[in-house]
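Protein chains in written order, with full-length UniProt numbering: chain A, 1 to 671; chain B, 1 to 671.
Here are a few chain A residues that face chain B, going by a calculated C-beta distance under 8 Å: (1) Asp143; (2) Asp150; (3) Glu152; (4) Leu171; (5) Leu174; (6) His175; (7) Leu177; (8) Gln178; (9) Ile316; (10) Glu320; (11) Phe326; (12) Asp332; (13) Glu340.
Hints in this document: simulated from the structure, not taken from any laboratory.
Note that the Cβ used here is the ideal one computed from N, Cα and C, for glycine as well.
2 protein chains.
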Amino acid sequence: MSDTDPLVIFTPSGKRARVPAGTTVLAAARRMGVDLDSVCGGRGICSKCQIAPQIGQHSKHGVTVSETALSDWNKVEARYDEKRGLKAGRRLGCQAQIQGDVVLDVPPESQVHRQVVRKAATVRDIRMDPATRLFYVEVDAPDMHEPSGDLERLNRALKSQWDVGPVEAPLQILHKLQPTLRKDGFRVTVAVHQAHRGPARLIDIWPGLYEGGLYGLAIDLGSTTIAAHLCDLDTGAVVASAGLMNPQIRFGEDLMSRVSYAMMNPGGDREMTRVVREAMDQLSADIAEEAGIAPTAIVEAVIVCNPVMHHLLLGIDPVELGQAPFALATSDAIDCATAELDLARINAGARAYILPCIAGHVGADAAAVALSEAPGEQDELTLIVDVGTNAEILLGDRERVLACSSPTGPAFEGAQISSGQRAASGAIDAIRIDPDTKEPRFRVIGDDRWSDEPGFDAEVTGICGSGIIEALAEMRMAGLIDTSGLIGSAAQTGTDRMRVEGRTHAYVIHEDGDRVISVTQGDVRAIQLAKSALYAGARLLMDERGVDRVGKVVLAGAFGAHISPKHAMVLGMIPDVPLDRVTSAGNAAGTGARIALLNRAARAEIETGVRRIHKVETAIEPRFQEHFVAANALPHATDPFPELRAIVPLPELSFNQNGEDGGRQRRRKRR
Amino acid sequence: MSDTDPLVIFTPSGKRARVPAGTTVLAAARRMGVDLDSVCGGRGICSKCQIAPQIGQHSKHGVTVSETALSDWNKVEARYDEKRGLKAGRRLGCQAQIQGDVVLDVPPESQVHRQVVRKAATVRDIRMDPATRLFYVEVDAPDMHEPSGDLERLNRALKSQWDVGPVEAPLQILHKLQPTLRKDGFRVTVAVHQAHRGPARLIDIWPGLYEGGLYGLAIDLGSTTIAAHLCDLDTGAVVASAGLMNPQIRFGEDLMSRVSYAMMNPGGDREMTRVVREAMDQLSADIAEEAGIAPTAIVEAVIVCNPVMHHLLLGIDPVELGQAPFALATSDAIDCATAELDLARINAGARAYILPCIAGHVGADAAAVALSEAPGEQDELTLIVDVGTNAEILLGDRERVLACSSPTGPAFEGAQISSGQRAASGAIDAIRIDPDTKEPRFRVIGDDRWSDEPGFDAEVTGICGSGIIEALAEMRMAGLIDTSGLIGSAAQTGTDRMRVEGRTHAYVIHEDGDRVISVTQGDVRAIQLAKSALYAGARLLMDERGVDRVGKVVLAGAFGAHISPKHAMVLGMIPDVPLDRVTSAGNAAGTGARIALLNRAARAEIETGVRRIHKVETAIEPRFQEHFVAANALPHATDPFPELRAIVPLPELSFNQNGEDGGRQRRRKRR
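Chain A extracted, bound-state conformation (with noise of 0.2 Å):
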């Protein structure tokens, strides 16, 4: 290039370079590794290649760009705008060439690396690299004289013009590769599926430019729930959110149960992963018309999980994980074809990625969460904990990372709870108790409104998981349950809103009717059940680290977006912090599930990450036990909770007279 060739200065990138006069946008963004979009390989029918020159004086590059710094419309581009119009200011990169000095922009629409925001500010955005991107070609006509396959020449041509591949084609692609690129004269779009390890394949073809997009399932397959998030795999954007009960729930509630099941019904393992699979094929379906797309435009999969529902997915008899040494059958990433897993109706050679699980106890889900959150990039310990009916405790900083899982059981979702629901309209998810009346008011999911304002009327159906740790936490700072989780009689609080059940007392939250809303003795033990575990858990790796404070604490799961953390702390769910330390990352497993379908390098990243990762194994470690009884009281028995004892009130109440409780403190068994 000489001096006197034209500069051209590309944003956001701040890349510069001077290029022979005449040459395209797109070929000198490609040979200067700027980051500019192309399907159709600069043939002028895809507009992925879009630019907005930049006209005038820019003193911060030093340039001056004149109208005729890019050449005038050429045949090509006045069609394309004709006929589906460009936004003014634009151009298409891959028809006008470059005649002087020129700022060009490249809008975040024509990256093909181009950045998802995450919400949360303390961990890093998705850059945009999927593993199925689509190409379009022309492929050569087939000549008697020079005779080659069809699939070899369509490798040649991608080759040749992308420098992908070769590709490999599964049978079904080839079923239909010949008529496919006869239909538009050997001109097709291909989707191609370019793993961080192993062969490309080809995932389908289309005659002509394909405009219906690509789209991935990022799945976080839950004991309870199955949730998932319909990813655009050009923009990175959700375009679509699902969810449904995990149909296993009939054959255990919990982990533990459903691998009994297995062990004592012969097929029973079968039977399992007949219907959740069923169930995935189902909410991939419903996705789809949510978002009012093809089921067929859908090529990627990628599963996040515990082990158990690994084992069950895979069709796995899970019945190792149910006992000592808990051996996963295969603890590596799993890459499949989605069909193997029955997903019947989406694109028949889309692929699915299931992320590496850790250990016997700690899953896919686990990884997920390690991915989205970092704790190994962490200049502070940090502890998160994604709150499910298993819960996964990560704690780590630079230095090292934890990770365990306990069994918390699903009363944290609103299972075993007397008034519990789950998360929908009607149910109380946030309560408030006066401490001097002992009167409650609340909100109920599908109204913004609290209880005692004016025009409230909502219908009250229940409780939902955030709802009941919040009135917990109330009644105990309200005096209406002591330190040891016991609920005071009427006499012994002061309120008639508690009634006698049996030996104990419930509390009486909303009554409409026939319907009592009220938290019973048993859902409070519930509750700490719960919370011993997943605080004993937490407390299992500060022992490990040799610490007795964490820096800072991310609440997880798709519960833990909704928890109040200053409840969360009155009931001793998770170690003291100042309040300002705890955050919510909301469905963090689902999170990662996401960043391994956009990006492929993160799934390189997470393989090698989960081997760093020191597994502590709850079930067989005797601390676990000791801290779990003591973590029974409200907040604890033992530990201190300055921090939040400096900014709410812990009355020191004991209701017990008749020794109620002694005999139900037993260690809850691992299930």
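Use these hints to put chain B onto chain A, whose structure you have.
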């Protein structure tokens, strides 16, 4: 090694080296690169590493081997001998330690890469190196404190004990991995498929030492018949052979009529795919039963076939193969699961390998013939014709190899022949006609005597493919057919074996009550069409090479094995060469399949080799038609056949009095 260390000489390799005293024979063999088998990895249980010490003086090697050259039997060896019995003079190489100078013979059954001797002296033997092999491993038990998946520990064991892998495990192996590992204390035998490309794969797993053997199918999928050889993947031996009719025959006798069926009947291709897969599934079960092995011991299938069979087997609509430019969907070799081809009864993890196709009319069967007969390694210009419903023709030497196919139709296989039948008991397969009396004598399959020998009383049911060739050639030499192929009348030929049939005549070979075995004018015309196509194809290749003569001719195809070279030449099926330059290669395509089954390097070799074969497309070559017309005469209208005429009488006759044949010598349409 010092000069005082024992000197070890292995035979037959002749490899020699000094090793420290106390080294086991197996360790010494491995160190010295001697081919000594072992499945159990030196644990004294598989007995694959047996060797025979050669006690005494060996002047050739310059050593004397004493009785104490190897250590005494240890407990492991003694226990093996007690339980299983060792042949006299044999030792277990993994147990016996070298103590003095020794000559050790490695018997063929102890060699991994033993040579499988082929019958034909002209071709190379097969070196055993199958893709699928057994490995016995002792896997670490799971450790809760160092969690890892069972598959990952199996891979660790394979790496450390065999330097194999990592292997990928398909889901059906993951399903049984855990119980299998636990049946015999984490000792298992695995069958690992290590192809010449692609990842290593687990095919199957058994508890403890598996001794059931591994088998592979070499399948020649022809338009008319499907032939399979079952091979022992350890020894290379063919342990059973079986064949059945291709059930697609009911959709069309030859390739083009099947392509037409697919074009005319929506779903017709899928129907043909289904029936051929069912037949192959049945065949594989039958052949396993015949050999007395479990079908699940079959872990590989190598398939060769023509392009139309290839596409129909893979489920690809063959419509493109029915019209110029005859484009294959894919020409490269196919490596897939046999389950994808619906072979349901053999091992669920078995792999299929289909050889590459050369062109739209020159298929994997021709590639297999090239692999078996190695035209590119011949010093002399060699013509190879693989005779079947479609003929594959190869012409080559070290300089260059050419290939084409020619649509001979099924006449050579006894179809379209009035008294034709397949080569089975009762079929005439050899015939001689006395040139003076015009009386025939013949032999039928199932009886070694000629029909004029005393005691001949076999039932005669028809004429098979090789029989009709001989009958026509004998009729030509005896003056019963003229140069143009016209059968003479009783008056013209002087024998009342001639019957009038409309305007033509038929020669009666055998009559038994109502059953008349004769050669009709229609039979002659059918064979003429077939042989003209064959000869024209060969001539086209000779034109391309610029030659009028070839050095030798190899007849291949199941049918090629039974053709009498002299009779074939009398009919002008093959170009004129000295008779002793015509050899039979038997089922060369089937042999090629067997080579690719037993030696994975052969797969790489043919994949590269097919790219160097120059394809000639008969269907569009104008000279093909000229050659075809000229080849209609017996033996030929213009080619002189001097070698043939030197040894057989070829009376120059013309029975044509009314121009019967004039209108029928038209170009046979490609069907």
